[in-house]
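Undergrad: Residue strings, one per chain:
Number of protein chains: 2
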Amino acid sequence: MTAPDRAAPNRNTLWARAAVDELAKSGVDAVCVCPGSRSTPLTVAFAAHDDIRVFSHLDERSAAFFALGRGKRTGTPTPVVSTSGTATANFHPAVIEANQARVPLLVLTADRPPELRDSGANQTIDQQKLYGDAVRHYRDLPEPAADDRKLRSLRTAVCRAVGESTGANPGPAHLNFPFRKPLEPVAVPGDVPEGFADEHPLAATGREDAFVSVHHAPAAPDDDTLNALADAIDGTDRGLIVAGPDDAAGLTRTAAVALAEATGFPLFADPLSDLRYGTHVETAPVVGGYDGLLAAGPLDGDLQAPDVVLRFGASPTSKPLRQYLRDSGARQFVVDPAGEWREATFTTSDLVVADPTKTARALAGRLEPRERTAWTDRVLALDADYWDAVDEFTPEAILEGDVVAAAAADAPDPATLFVSNSMPVRDLDRFGRPRDADITVLGNRGASGIDGITSSALGAGSATDEPLVLVTGDLAYYHDSNGLLALDRCEVDATVVLVNNDGGGIFHMLPIEAFDPPFTGQFKTPHGLDFEPTGDVYDLEFARVETLDGFRAAYRESVDAAGTQVIEVETDAAASHRERERLEEWVASDR
Amino acid sequence: MTAPDRAAPNRNTLWARAAVDELAKSGVDAVCVCPGSRSTPLTVAFAAHDDIRVFSHLDERSAAFFALGRGKRTGTPTPVVSTSGTATANFHPAVIEANQARVPLLVLTADRPPELRDSGANQTIDQQKLYGDAVRHYRDLPEPAADDRKLRSLRTAVCRAVGESTGANPGPAHLNFPFRKPLEPVAVPGDVPEGFADEHPLAATGREDAFVSVHHAPAAPDDDTLNALADAIDGTDRGLIVAGPDDAAGLTRTAAVALAEATGFPLFADPLSDLRYGTHVETAPVVGGYDGLLAAGPLDGDLQAPDVVLRFGASPTSKPLRQYLRDSGARQFVVDPAGEWREATFTTSDLVVADPTKTARALAGRLEPRERTAWTDRVLALDADYWDAVDEFTPEAILEGDVVAAAAADAPDPATLFVSNSMPVRDLDRFGRPRDADITVLGNRGASGIDGITSSALGAGSATDEPLVLVTGDLAYYHDSNGLLALDRCEVDATVVLVNNDGGGIFHMLPIEAFDPPFTGQFKTPHGLDFEPTGDVYDLEFARVETLDGFRAAYRESVDAAGTQVIEVETDAAASHRERERLEEWVASDR
Chain A
0 MTAPDRAAPN RNTLWARAAV DELAKSGVDA VCVCPGSRST PLTVAFAAHD DIRVFSHLDE
60 RSAAFFALGR GKRTGTPTPV VSTSGTATAN FHPAVIEANQ ARVPLLVLTA DRPPELRDSG
120 ANQTIDQQKL YGDAVRHYRD LPEPAADDRK LRSLRTAVCR AVGESTGANP GPAHLNFPFR
180 KPLEPVAVPG DVPEGFADEH PLAATGREDA FVSVHHAPAA PDDDTLNALA DAIDGTDRGL
240 IVAGPDDAAG LTRTAAVALA EATGFPLFAD PLSDLRYGTH VETAPVVGGY DGLLAAGPLD
300 GDLQAPDVVL RFGASPTSKP LRQYLRDSGA RQFVVDPAGE WREATFTTSD LVVADPTKTA
360 RALAGRLEPR ERTAWTDRVL ALDADYWDAV DEFTPEAILE GDVVAAAAAD APDPATLFVS
420 NSMPVRDLDR FGRPRDADIT VLGNRGASGI DGITSSALGA GSATDEPLVL VTGDLAYYHD
480 SNGLLALDRC EVDATVVLVN NDGGGIFHML PIEAFDPPFT GQFKTPHGLD FEPTGDVYDL
540 EFARVETLDG FRAAYRESVD AAGTQVIEVE TDAAASHRER ERLEEWVASD R
Chain B
0 MTAPDRAAPN RNTLWARAAV DELAKSGVDA VCVCPGSRST PLTVAFAAHD DIRVFSHLDE
60 RSAAFFALGR GKRTGTPTPV VSTSGTATAN FHPAVIEANQ ARVPLLVLTA DRPPELRDSG
120 ANQTIDQQKL YGDAVRHYRD LPEPAADDRK LRSLRTAVCR AVGESTGANP GPAHLNFPFR
180 KPLEPVAVPG DVPEGFADEH PLAATGREDA FVSVHHAPAA PDDDTLNALA DAIDGTDRGL
240 IVAGPDDAAG LTRTAAVALA EATGFPLFAD PLSDLRYGTH VETAPVVGGY DGLLAAGPLD
300 GDLQAPDVVL RFGASPTSKP LRQYLRDSGA RQFVVDPAGE WREATFTTSD LVVADPTKTA
360 RALAGRLEPR ERTAWTDRVL ALDADYWDAV DEFTPEAILE GDVVAAAAAD APDPATLFVS
420 NSMPVRDLDR FGRPRDADIT VLGNRGASGI DGITSSALGA GSATDEPLVL VTGDLAYYHD
480 SNGLLALDRC EVDATVVLVN NDGGGIFHML PIEAFDPPFT GQFKTPHGLD FEPTGDVYDL
540 EFARVETLDG FRAAYRESVD AAGTQVIEVE TDAAASHRER ERLEEWVASD R
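Residue numbers (numbering that gives the first Met the number 0), protein chains in the order written: chain A, 0 to 590; chain B, 0 to 590.
The hints are simulated quantities; they were obtained by calculation from the structure and are not laboratory data.
All values derive from a computational prediction rather than experimental measurement.
In silico SDA-like pairs for lysine to any residue, Cα to Cα no more than 20 Å straight-line: (1) B:LYS180 - A:PHE518; (2) A:LYS318 - B:ASN121; (3) A:LYS180 - B:GLU512; (4) A:LYS318 - B:GLY119; (5) A:LYS128 - B:GLN127; (6) A:LYS180 - B:ASP515; (7) B:LYS128 - A:GLY131; (8) B:LYS318 - A:PRO181; (9) A:LYS180 - B:ALA513; (10) B:LYS180 - A:ALA343; (11) B:LYS318 - A:ASP117; (12) B:LYS149 - B:ALA6; (13) A:LYS180 - B:PHE518; (14) B:LYS180 - A:PHE514; (15) B:LYS180 - A:THR344; (16) A:LYS128 - B:HIS136; (17) B:LYS128 - A:GLN127; (18) B:LYS180 - A:LEU509; (19) B:LYS318 - A:GLU114; (20) A:LYS180 - B:PRO510; (21) B:LYS180 - A:GLU512; (22) A:LYS318 - B:PRO181; (23) B:LYS180 - A:GLN322; (24) A:LYS180 - A:ALA145; (25) B:LYS180 - A:PHE345; (26) B:LYS180 - A:ARG325; (27) B:LYS149 - B:VAL211; (28) B:LYS128 - A:ASP132; (29) B:LYS180 - A:PRO510; (30) A:LYS128 - B:LYS128; (31) B:LYS318 - A:PRO112; (32) A:LYS180 - B:ALA343; (33) A:LYS149 - A:GLY189; (34) A:LYS180 - B:PRO319; (35) B:LYS318 - A:LEU115; (36) B:LYS318 - A:ASN121.
With the hints as constraints, model all of the structure from the sequences given.
TA: As structure tokens, then:
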């Protein structure tokens, strides 16, 4: 590790080293750096730090999504650094996604010194509160100086930002660093007084650990709340546990299983809940077919009406499930560590502001042990029937959901599986059968954009040695094609499943399909792009397949191979949508 | 033209038609639409309007820069439309550039209805004041309704936004449109009462012209100010007119020439001032060599010290010029129609808040006619010597500035020439000799980012039938490679001069060059990208040349040809920088 106190040639170097020192001591082990001049002190300090891996990115938008994906996978923020100017605004989409998906993210923007603001100076914009309310915390840092109090303030501010970006409501934090020239580590006599580090060891060197170690203490519900929950559960055989997209501060698999066993209720596991895949699905009552089941029509009799629903995570991806919950009339407990509402059907009756895992464990301990309820058995039987029906269905064209399902079914164990918006995550929800394999499924479901998908996936992949699979559509692939540069520059390997239906396939599911024009020109937007040459620009092999069998063969070969392969499956969105509807009818007729 | 009042099937359709109707009546003739569902009412209304050309874009970042470039070229805003969510944040870089470069831009974001805000609803983010202080005007529009007062409010708001985005301080304006389903033009019985249009003609149909025609009245300086200016000018032979990067509300060529003739002063014309090229350079005292002259060392004697400087436009691109003005001790009048400071050396002594063209004309009329001063003749002689020296200099490696200079020298007449940051605009400043040809030079010098360059150029190109030339670097080309999609989708042809020095060549000009690592890995960032395959992805021909002569031949062929050609010139940034320095010495020795 570099000794941040020794021989800092000028105040900027001293300052940036102190900031990076605190980041490393706070657990940061990687950074995404975008080249630029004003950020030179930070870049130099990061590059010199032995414990921080530097990922160099040339497009700030992709850089921020890469950092987001990595933070999502690790639970620790990966800072992203840029120079001043519009570079900083390119981070904005990822900042919003991090905010809404509760992903730790630290944005470190360099800025011109205060006297140059609003002056017409080059690359000088108003970076104050640039991301508005989308960040948990913002600080405009003071001007660097070899000053005891200022340096302690800086160290405190960095720890504060890390603390704000993690904890019960993880998200983005933004630190703005004004720097005056010289930005490089050139000697500036007198800038850092001789002996400064010896006279001010705490300011110059910090502590052995972080200057301020932030100890988050996730709260369990109090007794009254636990009793209310237990009473509601004890009073009925008809209950559900619904796990929506998971947060960094979410529900662990073991706690979820313990709760399902204690309540005897089925566990509806969103593909992004981290509960649809894992060894627990062998024994726990994990239901993955709810989306297809509910889309096929109302369930029979009292299956329509659970009495109590325990909800974790964000709002489920499945629209049929959201509608089912809305119409169920059940008492709905939402467990949310941040105390926020993420439930736009407005059916919550009780908000439990507490740590999900602690809540599940405490509740499981509080309940009288009981058998799996008859209601649960009926739900599980329906679910099994659903998967049988899906297996027996023979589509007449490539059903995009089959591609997504195969990518999950044939994924290595363990693996990280990143699914894009708009269709892959929905298709995985409907067609991804729970599997006894340690697959970490991730997606950007905070704001559900199609921007930054590739970068987010590669960032997640950079965090582990697990194989990485990305399932994406052609629009998302195009949108973040710059993100492919990270394959080489950040040394990430992936299998990219590119479902290419030449445009916005999801619009076939919306009423606008009936209005053409403007449907084709403005919504479907076929682009006719040939993505094969991206294999010549970036560090990847490109293969195109035309059948599901061809896909499965190429996919299995890719996940076993080194390097990155993009497997493009050309589909017809309209035909796939028709097959999706035909499968819904098939499921309904089978019931 | 569509009749916006007739048979609107529902309130959203009625509402969006009214908005688009007002835009068209306010002079908007094109729109950039990004596909999405929530924005369906706007998209459908734009697509149905006979007088508005729809440019469909798949990457919102590129879309906004395309709209920026078009607005920069035309002076009229080209609205950019997106769905809700992170799509809107992708506009942010272009919004900031539009703000700082004073380019008319209208951002129309669709939003979820108010009851879904902060609820966890899909693709719902906080879009309130999303761009902070970077917009001239923001309105969160009310919920659509077939309501007289609301529709009049909408029409007024649209006209207001157009008015705010144009005028003395052009820039971006943001309208946020909440829409509730159904978004498509499906019949909703009772939503628009029968006979509504007949009973409320003004609300439903608007006026024949814009609902509110905004009449900007650019102000000339008052007599006292004119007298002060005239006195300062009359009192000296040593004066300069400095024209920085131009605004939509800037100084016209004829007014600039009139002022130069009346004062007898030389006109230092920034490449982005719109004054370096044009028929006027044959007779007017246009100086283009100041950057190279001043970089080569101090001028002789009193050439160092003009008594009075008249400044127009933004801060000059040339750093040597900015330093020269700072150190000159001159009285400096800055004429700025918006009354803002864009002068970070803080040497302004008088700010004239008035229309530049009117000021120049009024001042020219007020002054006693006089001959060109001896001082001016000496400046012009120095300038002529400079260009001779540049002609005589024989570089030992490709000098990037020679490529940029050739692109300007051999550009068709007329043409639009878009120059990227960071080096092309600086190289044009130094090496672009004034030329008697109607070349409109544009660049993004508001915040001087390298983002969105290609899209800005293609947007500018879409506005005229003139040939379009873009001179860009490899980082900018990579950064906005998505913008190349507009070649086909928006039917723009261009000649793209790609100066590829494999990374951030500008960093060779900064002290960080001496610190390696991290110079190569984190600043220079060679990427080794082979851009030739972009020719197979997008609608363009790709050619690579290795010499200046090869470039000139390929370039001349391209500007005469249909379609788009990318001409890549591989250069060595370090070598080019050395040649640049050698040329500075050459110029100095020649003096």
